[in-house]
Amino acid sequence: MIRVQTEDFDVGRELAALTDGRTDIGGLASFVGLVRDFVEPGGGTGDGNASIRAMTLEHYPGMTEKMLAEIEAEASRRWPLQASLVIHRHGRLLPGDRIVLVACAAAHREDAIQACSFLIDWLKTKAPFWKLEDTREGERWVAAKESDDLLAERWLKK
Amino acid sequence: MIRVQTEDFDVGRELAALTDGRTDIGGLASFVGLVRDFVEPGGGTGDGNASIRAMTLEHYPGMTEKMLAEIEAEASRRWPLQASLVIHRHGRLLPGDRIVLVACAAAHREDAIQACSFLIDWLKTKAPFWKLEDTREGERWVAAKESDDLLAERWLKK
Amino acid sequence: MKVLYFAWLRQRVGVGEETVNPPADVATAGQLLDWLAAKSAGHAEALKNRSLVRIAINQEFAGLDAPVKTGDEIALFPPVTGG
Amino acid sequence: MKVLYFAWLRQRVGVGEETVNPPADVATAGQLLDWLAAKSAGHAEALKNRSLVRIAINQEFAGLDAPVKTGDEIALFPPVTGG
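Protein chains in written order, with the numbering used here: chain A, 1 to 158; chain B, 1 to 158; chain C, 1 to 83; chain D, 1 to 83.
Isolated chain A, as found in the complex (with noise of 0.2 Å):
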């Protein structure tokens, strides 16, 4: 299930809806992405240096939908899954807030936990967002991490 939204989502009940009343599923691998507060300079590590103050996620309405349906369709191929779920927020975030929930639902605890990598991984090189930071020293678009595209590559040759 995809789900594109600018409202919150509250983690313990969608994961609840996934597993609840079934008695086949045997492993449920979640992620949950945030906003932090602080800028990484070139994309290394972080310094602590606190300096977001919001975060405004700006996407493609339509391909977005249409690439996340993508994603986890490819994940259900790959893996043997009995639920998959991917909710992703837009608009303006605050740091602390949650941006993205991924989950995967499997009889086999490793491939609920290999499905929800790569629909993290794939989501983030080929899902429409764009994130705008509101720095103190004013507004900055996020760069693409080459890390994100190694990432994502580690699943091509599966």
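You may find that some hints are simply not true.
[Said to hold, decoys possible] Mimicking DSBU-like on lysine-lysine, the simulated pairs with C-alpha atoms at most 35 Å apart in a straight line are:
id: 1; chain 1: B; residue 1: K66; chain 2: D; residue 2: K69
id: 2; chain 1: C; residue 1: K69; chain 2: A; residue 2: K66
id: 3; chain 1: A; residue 1: K126; chain 2: C; residue 2: K69
id: 4; chain 1: C; residue 1: K2; chain 2: A; residue 2: K66
id: 5; chain 1: C; residue 1: K48; chain 2: A; residue 2: K66
id: 6; chain 1: B; residue 1: K126; chain 2: D; residue 2: K69
id: 7; chain 1: D; residue 1: K39; chain 2: B; residue 2: K145
id: 8; chain 1: D; residue 1: K39; chain 2: B; residue 2: K126
id: 9; chain 1: C; residue 1: K2; chain 2: C; residue 2: K48
id: 10; chain 1: C; residue 1: K39; chain 2: A; residue 2: K145
id: 11; chain 1: B; residue 1: K66; chain 2: B; residue 2: K126
id: 12; chain 1: B; residue 1: K66; chain 2: B; residue 2: K145
id: 13; chain 1: C; residue 1: K48; chain 2: C; residue 2: K69
id: 14; chain 1: A; residue 1: K145; chain 2: A; residue 2: K66
id: 15; chain 1: C; residue 1: K39; chain 2: C; residue 2: K69
id: 16; chain 1: A; residue 1: K126; chain 2: C; residue 2: K48
These aren't lab readings, by the way, just hints derived from the structure by calculation.
Every value quoted in this text rests on a predicted model; they were computed, and no experiment measured them.
Put chains B, C and D on the given structure of chain A with help from the hints.
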């Protein structure tokens, strides 16, 4: 943080407690293990043969907490984590019941995901728990799976 | 042909969406970018560094050689940074 | 010396815990297992297949060569299956 208990846990509340009020966490990875209702013949893939009526988890009080704390400390040595949590239940559980929750929070998503995967893999092979299945054919102690050993061994060369 | 711009491409071009009617010899995404870059200083600035421009045709990623035609929805944007 | 048994080892031995006083020549975990196996048919059955027996000494995993001594807490159990 480590907890060994008979009671169920609230995944949403537990995960929220790791991140609430913090602005230095970029990613929160988690895994929930649940009781499935089918036995896997020979430890292979499930054939959907629903036959588990209940599962009783026995453990070694004292050593369990010690091993879980050691595993959690090892994760924190290997990855820069902002927070981590392991909750493992024992006693009698029914199909669909939650068994274990592992969660790791970090500034960067890949650290959180790797550490979470490591925690569940090592827990599976190092924490002194044993599963007794109550099936239609009688009681059966679950045999350790070679696949779990292989998953745990991935982390030896790190 | 509808062209959409996102993120800093949108800011530099000055609009998020425009309808264009390129001449018949604009047959590929690359040729469209060349033609758009000549429309204004903002367009030129947005499309200056082609290595930072990603293209979607009818909501699918496409390369510079991909054909474009009347009625297509073309989107131009920087590398994505969601998640 | 306290010996704990878990899972099917506990069921076969018949008790979850016992205090034992092996002779002085029982110096390693392996020697302790040999000595325990001679205690009863249940002990023998539980300890028959050594490849299925895991050992913890004072709540740390240990091998057959690990020294054991008076006052130690020795636990014997099958490969773990939690998570």
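Hint check results:
1. B:K66 to D:K69: Roughly 21 Å separates the two Cα atoms, so the pair holds.
2. C:K69 to A:K66: holds (21 Å)
3. A:K126 to C:K69: holds (24 Å)
4. C:K2 to A:K66: holds (19 Å)
5. C:K48 to A:K66: holds (29 Å)
6. B:K126 to D:K69: holds (24 Å)
7. D:K39 to B:K145: holds (31 Å)
8. D:K39 to B:K126: Between K39 (chain D) and K126 (chain B) the Cα gap is close to 29 Å, so the pair holds against 35 Å.
9. C:K2 to C:K48: holds (20 Å)
10. C:K39 to A:K145: With a Cα-Cα distance of about 31 Å, the restraint between K39 (chain C) and K145 (chain A) holds, given a limit of 35 Å.
11. B:K66 to B:K126: holds (11 Å)
12. B:K66 to B:K145: Holds: K66 (chain B) and K145 (chain B) sit about 23 Å apart, inside 35 Å.
13. C:K48 to C:K69: The given pair, whose Cα atoms are some 23 Å apart, holds under the 35 Å limit.
14. A:K145 to A:K66: holds (23 Å)
15. C:K39 to C:K69: With a Cα-Cα distance of about 19 Å, the restraint between K39 (chain C) and K69 (chain C) holds, given a limit of 35 Å.
16. A:K126 to C:K48: Holds, at about 23 Å.
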